[in-house]
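J.: Work out the full structure, taking the sequences as your base and the hints as a guide.
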Amino acid sequence: MPDTTKTTPVPADAVETDNTENGSNGAAAEAEKQPGRLRETVSILLSSKTALVGFVIVAFWVGVAVFAPYLTEYSPFDQDWKAPNKGPSAEHILGTDELGRDLWARLIYGARVVLVVMPVNDNVVLPGGTAIWGVVVALIVGAFLGLVSGYKGGWIDEITMRLLDAMMAIPVILLYLIIVAAIGASAVNVVIAITIVGVPGIARLVRSLTLDIKTREYIRAAETRGESAWYIMFVEILPNTRGPIIIDAMLRIGYAIFAMGTLGFLGIGMPPPSPDWGSMVAKGRAFILMGSPWAALWPSLAIASLVVGLNLLADGIREESMRYQ
Amino acid sequence: MIVFIVRRFLLLLLTMVLVSVAVFMIAEWSPGNIAKNVLGAFITPEQEASFLKQNGFDKSMPTRYLYWVAGNDWIASGKIGMPLKKQITDKGFEEWWAVDDDGSLLRWKVDGDTLVAIRKKDDGTTEEFKDDSRWTAIDGGKHEFWGVDTQNHAVRWVKGDTEKVWVFVMGSGWVESSGGPKEYIPLKKGFVRGDPGISFRTGRPVAKSLFVRLRNSVVLAGCAFAIVMPLALLLGMIAGLREGSFKDRFLSIGGMMFSVVPEFATGIFLTLIFSMWLGWLPGASVLGDAAPWEKPMMLVLPVLTLTLIELGYVLRITRASMVEVMKSPYIRTAFLKGLPYKQVVMKHAVKNALIAPITVIMLHVNWLLGGIVIVEVVFGYPGLGAYLLDSALYKDFNALEAGAMIMVTVAVGTQLIADIIYTFLNPRIRYA
Chain A
126 MPDTTKTTPV
136 PADAVETDNT
146 ENGSNGAAAE
156 AEKQPGRLRE
166 TVSILLSSKT
176 ALVGFVIVAF
186 WVGVAVFAPY
196 LTEYSPFDQD
206 WKAPNKGPSA
216 EHILGTDELG
226 RDLWARLIYG
236 ARVVLVVMPV
246 NDNVVLPGGT
256 AIWGVVVALI
266 VGAFLGLVSG
276 YKGGWIDEIT
286 MRLLDAMMAI
296 PVILLYLIIV
306 AAIGASAVNV
316 VIAITIVGVP
326 GIARLVRSLT
336 LDIKTREYIR
346 AAETRGESAW
356 YIMFVEILPN
366 TRGPIIIDAM
376 LRIGYAIFAM
386 GTLGFLGIGM
396 PPPSPDWGSM
406 VAKGRAFILM
416 GSPWAALWPS
426 LAIASLVVGL
436 NLLADGIREE
446 SMRYQ
Chain B
65 MIVFIVRRFL
75 LLLLTMVLVS
85 VAVFMIAEWS
95 PGNIAKNVLG
105 AFITPEQEAS
115 FLKQNGFDKS
125 MPTRYLYWVA
135 GNDWIASGKI
145 GMPLKKQITD
155 KGFEEWWAVD
165 DDGSLLRWKV
175 DGDTLVAIRK
185 KDDGTTEEFK
195 DDSRWTAIDG
205 GKHEFWGVDT
215 QNHAVRWVKG
225 DTEKVWVFVM
235 GSGWVESSGG
245 PKEYIPLKKG
255 FVRGDPGISF
265 RTGRPVAKSL
275 FVRLRNSVVL
285 AGCAFAIVMP
295 LALLLGMIAG
305 LREGSFKDRF
315 LSIGGMMFSV
325 VPEFATGIFL
335 TLIFSMWLGW
345 LPGASVLGDA
355 APWEKPMMLV
365 LPVLTLTLIE
375 LGYVLRITRA
385 SMVEVMKSPY
395 IRTAFLKGLP
405 YKQVVMKHAV
415 KNALIAPITV
425 IMLHVNWLLG
435 GIVIVEVVFG
445 YPGLGAYLLD
455 SALYKDFNAL
465 EAGAMIMVTV
475 AVGTQLIADI
485 IYTFLNPRIR
495 YA
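In order, the protein sequences belong to chains A and B.
Here our numbering is used: the first residue of the first sequence is 126, the next is one more, and so on.
Here our numbering is used: the first residue of the second sequence is 65, the next is one more, and so on.
Just so you know, the hints here were simulated from the structure itself, not pulled from any lab data.
These figures come from a predicted structure and were not determined experimentally.
There's no promise every hint is true.
What the simulated footprint calls covered on chain A by chain B, stretch by stretch (three residues with Cβ under 8 Å from a Cβ of chain B suffice, anywhere in the stretch; the number is not a length) [to be verified]:
1. 277-290
2. 295-303
3. 349-357
4. 387-400
Ideal placement from N, C-alpha and C gives every residue a C-beta, glycine not left out.
T.: Set out below in structure tokens:
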């Protein structure tokens, strides 16, 4: 049965590229250690128009997200009750929403929540965007399940996989609705929702990789040395699955952004008043037919451009690197 | 072949059972807030406990699951010692009655220490009379009675105990009443018997509103599907015929853009273009009680949004499949035989290129369902998705779980169909 997750084969060096461009995790540093690879990456980027366009869009959003506090004089929460639902003007370049909050400020702080910081509660803010955290946690859980069920096999494998199959049978949107109905809306819960939805796919991928790797000779050697099962799983097998896993993770970040927007739009994402693209659209939607489309238009454009950018980048890189082979 | 289908079907049933347990457990993890949603934010803990008890939330998870799946009228019927019967009133509310030996319908209420029976005759009239003979003695000199109350619960009353409870009365809301009810079973027939219970939000049977919502959603999805499929398969094949040509790049990048943009953003763009700037179409689907086909204009934008999103996805898969087929040796052989281009494409390529997309599309139904939820919310279209969202936000468990199970059935069912179609289309598959 074909897998519903859209996994696309991308060679390992292309992955490093993706990471540097997102600039979100420490992969940039790793790429710098290998100047040859970096140069190759840049040349791929420059030779594909698609990838370049995607890169520019993604870089733009990462840039405004990182430097958000320096790019606007407003805070995303400042209300100006004298100027609600205004169009673009010199004071507010993108206009204001229904409470008179500056849309540009909310837009770039919204990008920040997605890509750069995760507000756990009023006091604690973790580095790394909410979407990124969702993918990372899903990776950890999924990789663990996949490793154990692939390596141990037998009834553990059977039960885990049947349960995950059942999870995958539930339409994603339904999982979101049910999870959020049960645990409420917050950044942590968005991460939990993204995790639960992501885990089955990742676990399947890791399991199939584990099944392949476990027949290799170095695993046989480790077993003969008398290493424990945990050592073999996490020291021998896991590092060797990283290529396809990183590729999968890249695709998942795009989907996590999509999911965050959707959750926000349904009113079950970030709690108000935090600047969240999805909920901005949901709020602004009510004012479209009253003649002020700005509050709904900008965040829609933002999320559309970011996901399209990510996909253009991935597509372009994949095509280019396939041409080299 | 038969064995294969049967095995797949059994697997489907197993999946459904697991999913229903999962849906149930996650949804009812914390039932606390439903009381606040129904009764208001300022209820006392006693009122909340009373509410939870009357709706069966004090029972253990396995018991609740059993009630939900298989109903509890048979359990209650055993306790009362009479068969039970469900009636739907003219206004669409449910009424449960116990059936007396002579065929007339009975319910009870307790007034002080007196048990009052309400008898409903065949002509619909009701009469009340004292029915104290039904009390049975229990330990400690007390008397108890299992019966059906006027709020569709099976209740165990204990004579003399006059705890205050909060009871929902249609028309006047929640009122305090006394009478010593000790244990409640909220009567329902259970999901598998077609009765998922009462909606907390509307007080009406879930099954009834669910049917209308499902019909609306099916109309929406059906229209979108009917437009998407031929169009996407055609465009995908055009794109896949010559990999790398301008047509191919244009179609595949365009398709990608439409398919990765979140549904709500696409919906907003279309609303802005067609209802705000051009003013051609309504920006929201206001149906009221009308069926969607009575107001086709309301359908245009939702269908268009769904179409754009699905189009890109199906197009890309068809294209990939077509590209692969065009590279295969038998196509080259056909060309080298000197067959005309048209014939090679129509006879040799198309048939084989369609195998992959058709099954993948069936598996894509999961995503289509997600798209429908969002599109319905964007345009305020009264379909199953919007109903689910409202129920989830309100914690209306009966409605949420029933709707969820319907969605899951659709998703899992299409996967089964996809598997079966695949074995027909691709004879190389062994039914192992």
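J.: With reference to the structure, classify each hint as holding or not holding.
T.: Okay, the hints, checked on the actual structure:
1. Note: the region 277-290 of chain A has 3 residues with beta-carbon separation from chain B under 8 Å; the three-residue rule is met and the coverage holds.
2. Here's how the region 295-303 of chain A fares: 7 of its residues keep a CB closer than 8 Å to some CB of chain B, so the rule of at least three is met and the hint holds.
3. Counting residues of the region 349-357 of chain A whose C-beta sits closer than 8 Å to any C-beta of chain B gives 0, which falls short of three, so the coverage hint is violated.
4. Given a C-beta distance limit of less than 8 Å, the hint that chain B covers the region 387-400 of chain A holds, as 5 residues qualify and 3 suffice.
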